[in-house]
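Using my numbering, the letters of the sequence shown map in sequence onto residues 1 to 164.
Keep in mind the hints are simulated off the structure, nothing from the lab. Backbone N, C-alpha and C define an ideal beta-carbon position, used for all residues, glycine too. Watch out, some of these pointers could steer you wrong.
So the derived label-pair ranges between C-beta atoms look like this [as the list claims (entries may be wrong)]:
#1 Ser150 to Thr9: 45 to 55 angstroms
#2 Trp84 to Glu115: 29 to 39 angstroms
#3 Asn159 to Leu54: 19 to 29 angstroms
#4 Asp131 to Leu18: 19 to 29 angstroms
#5 Arg112 to Ala29: 16 to 26 angstroms
#6 Ser3 to Ala154: 32 to 42 angstroms
#7 Glu125 to Ala105: 12 to 22 angstroms
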Amino acid sequence: MTSTDDYATYIASLPRVLAGAAALYRDAAGRVLLVEPNYREGWALPGGTVESDLGESPRGAARRESAEEIGLDLPLGRLLAVDWTLGPGRPPLVAYLFDGGVLDADQLAAVRLQEEELISWRLVEPAELTDYLPGALGLRTAEAYRVLRSGEGAAELENGRRPL
Numbered sequence: 001m002t003s004t005d006d007y008a009t010y011i012a013s014l015p016r017v018l019a020g021a022a023a024l025y026r027d028a029a030g031r032v033l034l035v036e037p038n039y040r041e042g043w044a045l046p047g048g049t050v051e052s053d054l055g056e057s058p059r060g061a062a063r064r065e066s067a068e069e070i071g072l073d074l075p076l077g078r079l080l081a082v083d084w085t086l087g088p089g090r091p092p093l094v095a096y097l098f099d100g101g102v103l104d105a106d107q108l109a110a111v112r113l114q115e116e117e118l119i120s121w122r123l124v125e126p127a128e129l130t131d132y133l134p135g136a137l138g139l140r141t142a143e144a145y146r147v148l149r150s151g152e153g154a155a156e157l158e159n160g161r162r163p164l
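Just need the whole structure built from these sequences, with the hints factored in.
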């Protein structure tokens with residue numbers, strides 16, 4: 001066995017972690033753009049899985065998924081939150097949330113949903129985020145919005161909450 005084989009065996013034995021990335025888009029009034037998936041209950045942010053096997057970065061994934069899901073391919077702003085989340089029946093997920101910026105009326109009118117995955121979209125008041133977004137996603141998004149407004153650095157989260 002070569003050292004390359006040993007290294008490949010070692011890598012294959014390591015624990016697995018999933019990675020996801022999303023963008024927080026807002027309108028001029030500060031409302032957050034949410035999308036309604038057809039494959040599960042509840043709402044979500046534009047975003048999805050980081051295709052790390054293809055060399056994709058979290059920022060690249062958030063931009064690609066936004067372009068695919070809502071038809072807007074825009075540069076993303078700063079990282080707002082990183083969340084380590086546990087869930088039943090899957091490896092841990094590291095979720096990255098980026099500032100998508102403020103969308104003007106023309107950009108909002110240009111939103112085109114990916115029909116294979118999404119039913120609708122809407123703008124939601126920040127105070128209502130946890131009413132629409134389930135579990136850690138709602139907490140993560142609310143914290144990212146708070147960080148965005150305060151100007152603080154990115155939030156480190158565990159299951160949507162700051163670690164103790």
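Inset, instruction - May I ask which of the numbered hints given earlier this structure violates, with the numbers listed in increasing order? - result: none
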